[in-house]
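When you get a sec, could you build the whole thing from the sequences and use the hints?
Chains W and C supply the protein sequences, listed in that same order. To convert, note that position 264 of the first sequence is 257 in our numbering; the numbers rise steadily by one, no gaps. To convert, note that position 178 of the second sequence is 182 in our numbering; the numbers rise steadily by one, no gaps.
Rather than coming from a laboratory, the hints here were simulated on the basis of the structure. Everything hinted at is true.
Keeping only pairs whose Cα atoms sit at most 25 Å apart, straight-line, the calculated DMTMM-like set for lysine to aspartate or glutamate is:
1) W:K124 / C:E199
2) W:K140 / W:E126
3) W:K140 / C:E290
4) W:K124 / C:E190
5) W:K141 / C:E290
6) W:K141 / C:E199
7) W:K141 / W:E120
8) W:K140 / C:E190
9) W:K141 / C:E190
10) W:K124 / W:D139
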Amino acid sequence: MPNDSAHAAPAAAHAVSRPLVEVSMLEKRYGESGPPVFSDVSFAIQPGEFVCLIGHSGCGKSSILNILAGLEQPSGGTVIMDGHEITRPGLERGVVFQGHALLPWLSAVQNVAFAVRSRFPTLSRAEIREKAEHYLHLVGLHNALDKKPAELSGGMRQRVGIARAFSTQPRMLLMDEPFGALDALTRGLIQEELLQICARTRQTVFMITHDVDEAILLADRVLLMSNGPDARLAESIDNPLPRTRTRESMHHETGFYDLRNHLVDFLVRRSALVGKGEN
Amino acid sequence: MISVESRRAFFLFLALFAGLLLVWQLSTASAPPRSPYGIPQGNAEYQMLMGHAPGTTQTREGFPGPARFAASALQALHAPFHNNGPSDRGIGWQVGASLLRVAIGYGLAVVVAVPFGFLIGLHPVIRRAVDPFIQILRPISPLAWMPLALYTIRNAEGCGIFVIFICSLWPIVLNTAFGVGSVRREWLNVARTLEVSWTRRILFVLLPAAAPTIITGMRIGLGIAWLAIVAAEMLVGSSGIGYFVWNQWNNLSLSNVLLAVLLIGFTGMVLDGALAALQRSVTYAE
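Okay, here's the thing in structure tokens:
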């Protein structure tokens, strides 16, 4: 896996500790003939790390996330989490879906409570409600507890989805372009909330995005995928900006523009060249 | 505040209703018979021959006009639950007997059809295997089963219930299967990532997700059941609203037939309204 040496400094600490998730030689193909969607994808995720995966559509980003979630089976390769191979969905991996995927007949708090009851089946009804409300408070939804998803705005729905994923206290959070459908203002607000929650809970996150600024704000490490078909994991770049970065001040940090230009360059030019060069 | 539109609709409704009564009144008003042989209208001898002599009372009951119908309906509804043996029971009693049959037959159909619909909705293989059977059985008129039912069940009451069961079964099965089969994949994925047990998945994800479709099937089934019960009771019944209609036809009491017909429509409307209310309570906005 090529590593960009210009941004490699904070990675030294990670290399020592045992990774939470190890993905090796992952491959996905639909049908027997034809090139795979992606192949030879290997990376590791350390505990507490926030990893973003960027790539153009069609490179199989979502497939990788679904394989990590256990919702899809790879055609080759393995995903090991805590020494166990991932073959099916599990509560230790929380998923925030691209479309919020809330159950529309349940209110916000009932949606979260459904997840809490699945994770803690022995709790009483009152304790479950209390926990569900706690996680909705965390994402700033204390005024909309009993509203149905249809009565909530897009941003609020996605917040409920995030609260639901956090409420099961997963070892790893998987997010599939969670803010793709939101307007820029709402997106910024939720990104900062997410950043704060993750910093507080030391949550391990694997997130898919196609927004370069979002990746720079949120990620400790950015994985870049080349274009499909037969996409590869082209680069893994550590984020040199301090973890205290915010959306407003981030572009004043040294190294911001280097990183941003590097990512944009990749998406515009090199993502198309990587696969061709190797073949 | 009632909207202008609904006020207009209400007045139009009243006008239509009044027009209907007027047409009814005019078309049933009894005029002295006209001779086809050119005998003058006022010929007393002809009128006497036709039973319209000035001194005699009219005994022939023609099609009742609104006034006569109202009077006889009031009388019939005055004691709707009287019971003087099988051929003289109140109309309320008869409707009750039909409703009881429908409740049993339809209730059985729901109990069988919903789980069966879940089974074929969740398993495409089973669905494809049983589909030919369903497609052949579904278009059969429930009354076509009657001889077979009479021969095998040998019990009029059981036959009526069977007819209701068999005709309301199919729409509920098909709608349940369709509703369960088209539950959004995302919601099932949520349940999978939360490691939800299959009982919780059925009760708290599939059932509420498919409930509006299932109840649509139940409404269709109940509509068909209420259509079929009248015909079935005409054939086998010794009670029920269908039997009542036929019995009153044999009595040549068209007023009572008309009353029963209206009551069948009204009861059907109430039944459908009840299910519509149930449907509204489980419908969700996405």
